[in-house]
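*Asks:* Sequence:
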Amino acid sequence: LYINIIYYLSLSFPFFLHFLHSFRFSKEVFCLFSSVLSACVYGVESRLVHVEADVGDGLPQFSMVGDLSAQVREAQERVRSALRNSGRSLRPKRITINLSPADLRKHGSGFDLAIAIAVAAGYGEIPAERLSQTLIIGELSLNGEVRKISGVLPIVADAADYHCHTCILPYENLSEVQRIQTVRTFGVRTLEEAISCLRGEMPDLPGPPAPPAASVSSPAVDFSEIRGQSFVRRAAEVAVAGGHNLLMIGPPGAGKSMIAQRIATILPPLSLQEQMEVSRIYSAAGLLLPEDFLLYNRPYRSPHHTITAKALSGGGLIPKPGELSLAHNGVLFLDELPEFRREVLEILRQPLEEGKISISRVGGTFDFPTEIMLVAAMNPCPCGYYPNMKRCSCTYSAIQRYQSRISAPLLDRIDITAEVEVPDFSLLFTEKKEESSAVIRKRIMNARALQQERYQGQSIRCNARLTSENIEKYCRLGSKESAVIEEAFRSLELSVRGCHRILKVARTIADLDGREQISVNDLQEALCYRGIHRRLL
Numbered sequence: 361l362y363i364n365i366i367y368y369l370s371l372s373f374p375f376f377l378h379f380l381h382s383f384r385f386s387k388e389v390f391c392l393f394s395s396v397l398s399a400c401v402y403g404v405e406s407r408l409v410h411v412e413a414d415v416g417d418g419l420p421q422f423s424m425v426g427d428l429s430a431q432v433r434e435a436q437e438r439v440r441s442a443l444r445n446s447g448r449s450l451r452p453k454r455i456t457i458n459l460s461p462a463d464l465r466k467h468g469s470g471f472d473l474a475i476a477i478a479v480a481a482g483y484g485e486i487p488a489e490r491l492s493q494t495l496i497i498g499e500l501s502l503n504g505e506v507r508k509i510s511g512v513l514p515i516v517a518d519a520a521d522y523h524c525h526t527c528i529l530p531y532e533n534l535s536e537v538q539r540i541q542t543v544r545t546f547g548v549r550t551l552e553e554a555i556s557c558l559r560g561e562m563p564d565l566p567g568p569p570a571p572p573a574a575s576v577s578s579p580a581v582d583f584s585e586i587r588g589q590s591f592v593r594r595a596a597e598v599a600v601a602g603g604h605n606l607l608m609i610g611p612p613g614a615g616k617s618m619i620a621q622r623i624a625t626i627l628p629p630l631s632l633q634e635q636m637e638v639s640r641i642y643s644a645a646g647l648l649l650p651e652d653f654l655l656y657n658r659p660y661r662s663p664h665h666t667i668t669a670k671a672l673s674g675g676g677l678i679p680k681p682g683e684l685s686l687a688h689n690g691v692l693f694l695d696e697l698p699e700f701r702r703e704v705l706e707i708l709r710q711p712l713e714e715g716k717i718s719i720s721r722v723g724g725t726f727d728f729p730t731e732i733m734l735v736a737a738m739n740p741c742p743c744g745y746y747p748n749m750k751r752c753s754c755t756y757s758a759i760q761r762y763q764s765r766i767s768a769p770l771l772d773r774i775d776i777t778a779e780v781e782v783p784d785f786s787l788l789f790t791e792k793k794e795e796s797s798a799v800i801r802k803r804i805m806n807a808r809a810l811q812q813e814r815y816q817g818q819s820i821r822c823n824a825r826l827t828s829e830n831i832e833k834y835c836r837l838g839s840k841e842s843a844v845i846e847e848a849f850r851s852l853e854l855s856v857r858g859c860h861r862i863l864k865v866a867r868t869i870a871d872l873d874g875r876e877q878i879s880v881n882d883l884q885e886a887l888c889y890r891g892i893h894r895r896l897l
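Position one of the sequence shown corresponds to residue 361 (the working numbering), numbered consecutively onward.
Among the hints, erroneous ones may be present.
[Said to hold, decoys possible] Heads up, simulated BS3-like pairs for lysine-lysine below, C-alpha to C-alpha not over 30 Å straight-line: (1) K802 to K792; (2) K508 to K670; (3) K792 to K833.
Worth flagging that the hints you see were computed from the coordinates, not collected in a lab.
With the hints as extra help, turn the sequences into a complete structure.
*Replies:* The structure is reproduced here in structure tokens:
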């Protein structure tokens with residue numbers, strides 16, 4: 361009996377020591393509760409999240425609540441190890457972490473640093489007043505290093521709207537936000553640096569070099585390499601000048617893909633606002649490179665025809681930007697258009713019309729910007745040589761089935777359609793030089809400058825984005841011009857949308873010539889770009 365009593369007393373001795381240790385520090389003053397501001401990205405927009413920590417007595421436990429994903433729940437192990445390996449030996453307490461609002465699904469690893477700071481503040485390591493109006497984001501490794509995360513740019517850009525004056529983020533992400541002047545940003549490499557910064561021990565953290573001036577990379581291709589093809593070259597110039605959608609139809613080897621690749625060389629430069637919009641999207645998608653401060657070149661995306669509907673529009677439990685959004689303020693090139701699956705092509709209808717795409721999930725509806733210029737290329741038939749009946753081997757029904765893969769509603773949203781013919785052999789080796797991309801781009805920039813001046817103070821950036829209400833105001837016609845468009849409306853059996861698109865293209869043609877009034881010649885040229893629609897429909 362005595363041996364058993366001694367044995368059980370020896371087992372309970374460690375618990376007795378722990379009780380004495382807890383009693384010894386029971387009179388110490390803890391902050392008990394702390395709150396840290398953090399955020400995460402939903403789509404391309406950020407959402408504010410309050411990270412609350414309660415440190416109290418009870419059985420040692422680390423619990424987290426607030427509608428958390430598996431990535432966020434794993435943060436407790438990373439935070440506990442990071443604090444210990446950073447030299448913060450915290451006494452055993454009951455720790456409860458709440459991420460508010462509770463009805464918002466939390467995802468990603470960007471809350472690690474905020475959770476660690478909240479726990480340290482709960483133990484009294486950081487004064488509560490130092491956390492006010494400070495937004496904290498970052499992922500932690502087990503040894504306390506702060507790692508890079510995606511989506512930093514939209515979070516920091518919106519920080520001022522959350523009444524924050526300071527942002528603490530991973531040092532590797534600091535280059536992304538150097539052009540944001542609305543808040544102070546501090547890049548930290550370790551958890552210890554973040555704690556020291558909040559305690560005022562490191563007021564001036566080292567930063568990366570200042571961002572360079574905006575520069576546009578030199579293209580490797582040029583429009584001067586395109587021999588002949590004057591009609592298609594003109595169609596491409598008009599399309600870029602007004603941001604219009606372009607469809608090129610022609611046999612294999614005629615130069616459709618070459619022309620599409622060179623469209624990127626005549627795109628006008630991005631404005632600062634457009635740079636921010638594009639960079640936010642690429643930051644949310646995790647595609648912004650460390651050396652990129654902002655994206656200065658307009659996007660040019662060319663997905664393969666095997667792309668899925670989700671990859672084109674964006675998807676996932678928490679949707680990420682798809683190819684449509686990654687091409688925002690730039691060009692989306694679809695080569696071999698009829699080879700894309702029908703459900704993929706039909707997704708384009710809403711984004712081309714509204715300039716955005718909405719994706720609904722259980723957690724809410726996500727809006728992605730999609731103000732793109734669609735450039736597409738296709739063969740006229742499966743073999744590619746119709747209407748050259750000497751070379752075409754397709755039956756009439758095969759040609760119809762092939763062309764019907766592009767629905768009439770989608771085709772009606774394409775402003776300019778141009779036939780690409782194989783150039784004459786004599787043009788291939790002529791010494792005559794065609795216009796370079798620089799010359800064409802200069803005319804386009806002049807036309808865009810007229811549009812910016814005309815639509816100043818409005819959300820319209822180019823003629824392609826004119827609404828039906830604005831068309832009456834900015835595309836006014838004289839009596840002769842009205843007679844031309846009325847005759848075309850009846851003879852070509854145009855839809856109202858098709859008629860409006862002809863007027864917008866005519867508006868762009870007038871801008872290229874520096875004229876405010878649309879002429880009969882402008883309308884006739886715009887109608888020439890619409891001629892193939894009737895044959896395809």
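*Asks:* Please go over all the hints and tell whether each is borne out by the structure.
*Replies:* Verification of the hints:
no., hint, in the structure
1, K802 to K792, "holds (21 Å)"
2, K508 to K670, "holds (26 Å)"
3, K792 to K833, "violated (43 Å)"
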